[in-house]
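With these hints in hand, go ahead and build the complete structure from the sequences.
Taken in order, these protein sequences are the chains called A and B. Numbers given in my numbering equal positions in the first sequence, counted from 1, plus 1. Numbers given in my numbering equal positions in the second sequence, counted from 1, plus 1.
The hints are simulated quantities; they were obtained by calculation from the structure and are not laboratory data. Since the structure is predicted, the reported quantities are computational estimates derived from the model, not experimental observations. One should not assume that every hint holds.
Identical copies carry no separate label here, and so any pair may be met within one copy or between two of them.
Stated by the list, open to error - With a straight-line cut-off of 20 Å between C-alpha atoms, the simulated EDC-like cross-links for lysine to aspartate or glutamate are:
{"id": "1", "residue 1": "132", "residue 2": "43"}
{"id": "2", "residue 1": "107", "residue 2": "43"}
{"id": "3", "residue 1": "6", "residue 2": "288"}
{"id": "4", "residue 1": "257", "residue 2": "274"}
{"id": "5", "residue 1": "292", "residue 2": "234"}
{"id": "6", "residue 1": "310", "residue 2": "129"}
{"id": "7", "residue 1": "253", "residue 2": "322"}
{"id": "8", "residue 1": "89", "residue 2": "196"}
{"id": "9", "residue 1": "257", "residue 2": "188"}
{"id": "10", "residue 1": "326", "residue 2": "144"}
{"id": "11", "residue 1": "279", "residue 2": "222"}
{"id": "12", "residue 1": "279", "residue 2": "322"}
{"id": "13", "residue 1": "107", "residue 2": "42"}
{"id": "14", "residue 1": "6", "residue 2": "202"}
{"id": "15", "residue 1": "257", "residue 2": "322"}
{"id": "16", "residue 1": "279", "residue 2": "42"}
{"id": "17", "residue 1": "195", "residue 2": "308"}
{"id": "18", "residue 1": "279", "residue 2": "196"}
{"id": "19", "residue 1": "133", "residue 2": "7"}
{"id": "20", "residue 1": "253", "residue 2": "309"}
{"id": "21", "residue 1": "84", "residue 2": "293"}
{"id": "22", "residue 1": "132", "residue 2": "88"}
{"id": "23", "residue 1": "107", "residue 2": "309"}
{"id": "24", "residue 1": "192", "residue 2": "43"}
There are 2 protein chains.
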Amino acid sequence: MATMKDISKMTGLSSGTISRYINNSGYVSRESADKIQRAIDEINYIPNEHARVLYNKSSNVIGLIVPSLVNPFFAQMATVLEKNLNEKGYSIILYNTNDNSKEEAKAVNMLRGFRVDGILVGRPQNRDLLKKVDVPAVSFETEIGGDVVNITADNFLGGMQAFNALYDVGCRKILHIKGPDIFEATELRYKGFKEASNKKEDVLIETISFSNDFDTEFSVESVLGSVDLNDYDGIFVFNDIAAAISMSYITKKGFKIPDDIQVMGFDNSYLCELLSPKLSTIEQPFDEISKECVDTLISMIKNEKIEEKTIRVKTNVVLRESTKKL
Amino acid sequence: MATMKDISKMTGLSSGTISRYINNSGYVSRESADKIQRAIDEINYIPNEHARVLYNKSSNVIGLIVPSLVNPFFAQMATVLEKNLNEKGYSIILYNTNDNSKEEAKAVNMLRGFRVDGILVGRPQNRDLLKKVDVPAVSFETEIGGDVVNITADNFLGGMQAFNALYDVGCRKILHIKGPDIFEATELRYKGFKEASNKKEDVLIETISFSNDFDTEFSVESVLGSVDLNDYDGIFVFNDIAAAISMSYITKKGFKIPDDIQVMGFDNSYLCELLSPKLSTIEQPFDEISKECVDTLISMIKNEKIEEKTIRVKTNVVLRESTKKL
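Structural data, given as structure tokens:
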């Protein structure tokens, strides 16, 4: 690969002059600048980013840690975050931890080694490590505390909305399939769901827990196998992908959706439109969550004061075909 | 963040000694090594990766460029590639281009700036740029030529398998929904499909093209709206996500899958199991493609001779519920 030495040889200029030109860090005559640029173009020279980071003390790189790329929520969040960060001039180093807490800890330390300007972490597990991390950090989906700013959909509100949406379309015997205990977001959905149901007297609710720790390995048999589906007219599932698997199971058991059992998911990922019937769900507004993450992280990088340590973005009900028309 | 100077102050040792210890690049006494390690632990020091790269001339980082994270094929490929590369001691810098050729060119040059040890690029568009890129590069899904090694599912074979699978379950009027012309992989699926159909005399095939350039924006109305579905008993769609959208459309128009129309996808992504009926498809073996990509790229980084410039991995038929039982 072409180096600064090659440019020095071609132009007859010192590496100090060339470095000043490339880093835009001091006087270079018009004539020398033209010479250097011609040489750069000719040999297709790309400045060494590592030298630039050591020189500038800023990497313009953000570390993004997600627990899964095959969970549509995180795939879509990563896509939107990358787009928004690129627009602000940042590159991304992405780690996928497969919800493994050791992988996450390794990723945080790798990113520190890369001297990233900031870290964005989705559904984090290493609270203590992240609370004391020495770079600006923003978490989404799970709150950490400490100096880490938390940006999340209002999952408690979303849980309430899911209950009320099912209640409003006529469900009176509602099953909630709850996410793994370790995920704060799905705990809050459960609490919101329960809180809203407490206000109604003519409804029965039950909850079963899903305890596996990886979304796509949601084993529907182990969760729904112990349940008599005749007992329910509505099911609220903790996320869209688990709702899709549940719908497939319910249909196979001979129940019609939404006629026999109505189903609500959570996320409003692209999956909802691909299923038949199309999935009614609670929307986590990707664009808004991403924009808050990026704006907040950049403010922290600039050492601006952050007023709110937790920013909750309002969720919305999206009704499609897996629930009855009002 | 803690620096080498801090360790020097704490231990009273020179930065040369500390650097030798950290980079494992020369003699350090047992006593000094212990002192340095205690200081590192105490202040939670992480060596600067950029200094290490400049010193070692190797970054241990691989650049991964994918056209989409919301296409399950690329989400799963990125997941498997990252796992396999981590096992070999490499980190990943990931770029998602949204199938934008300018974004891809930008990503390639950013990765060159990071002095990555190698580049893996999925469904590339900038053939000329990549052919002459000055780091080892492997492409998957699309062949580039030049020094770039191409690892891909055997898409032509897959197209033949898709036709034969539909023929074997009784389809005689088959529609192929073809991918965008710019994607070599889907062109080859089309050619294989056509080639296999030429060998049968009792079958009619037709092809319509999908010309949008982003998978999830596959506008089913614009493609299937002009088609009379009564004319077909089988449909082969260029990938799983487009097959899912097509299935949803077909069902809405009142046709039963597989009784009226049988459907085959392509990829064998996790989506197949989420749909109802579950999608029959052609499998691209993710693990095998990823392993070939990683092994080949590492051989190239080690300057080993690569015998084959194109490695094609065999595809397989996976029958589920969207086709009839044999």
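Against the structure, the hints:
no.: 1; hint: 132 x 43; in the structure: between (48 Å within a copy, 17 Å between copies)
no.: 2; hint: 107 x 43; in the structure: between (41 Å within a copy, 18 Å between copies)
no.: 3; hint: 6 x 288; in the structure: neither (45 Å within a copy, 42 Å between copies)
no.: 4; hint: 257 x 274; in the structure: both (18 Å within a copy, 19 Å between copies)
no.: 5; hint: 292 x 234; in the structure: neither (38 Å within a copy, 46 Å between copies)
no.: 6; hint: 310 x 129; in the structure: within (16 Å within a copy, 48 Å between copies)
no.: 7; hint: 253 x 322; in the structure: both (18 Å within a copy, 11 Å between copies)
no.: 8; hint: 89 x 196; in the structure: neither (41 Å within a copy, 49 Å between copies)
no.: 9; hint: 257 x 188; in the structure: neither (29 Å within a copy, 39 Å between copies)
no.: 10; hint: 326 x 144; in the structure: neither (36 Å within a copy, 49 Å between copies)
no.: 11; hint: 279 x 222; in the structure: between (22 Å within a copy, 16 Å between copies)
no.: 12; hint: 279 x 322; in the structure: both (5 Å within a copy, 19 Å between copies)
no.: 13; hint: 107 x 42; in the structure: between (39 Å within a copy, 16 Å between copies)
no.: 14; hint: 6 x 202; in the structure: neither (79 Å within a copy, 67 Å between copies)
no.: 15; hint: 257 x 322; in the structure: both (12 Å within a copy, 18 Å between copies)
no.: 16; hint: 279 x 42; in the structure: neither (53 Å within a copy, 53 Å between copies)
no.: 17; hint: 195 x 308; in the structure: neither (31 Å within a copy, 63 Å between copies)
no.: 18; hint: 279 x 196; in the structure: neither (27 Å within a copy, 36 Å between copies)
no.: 19; hint: 133 x 7; in the structure: between (44 Å within a copy, 18 Å between copies)
no.: 20; hint: 253 x 309; in the structure: neither (47 Å within a copy, 47 Å between copies)
no.: 21; hint: 84 x 293; in the structure: within (13 Å within a copy, 30 Å between copies)
no.: 22; hint: 132 x 88; in the structure: neither (28 Å within a copy, 28 Å between copies)
no.: 23; hint: 107 x 309; in the structure: neither (29 Å within a copy, 35 Å between copies)
no.: 24; hint: 192 x 43; in the structure: neither (63 Å within a copy, 41 Å between copies)
Hint compliance for this structure: hints 3, 5, 8, 9, 10, 14, 16, 17, 18, 20, 22, 23, 24 are not met, and every other hint is.
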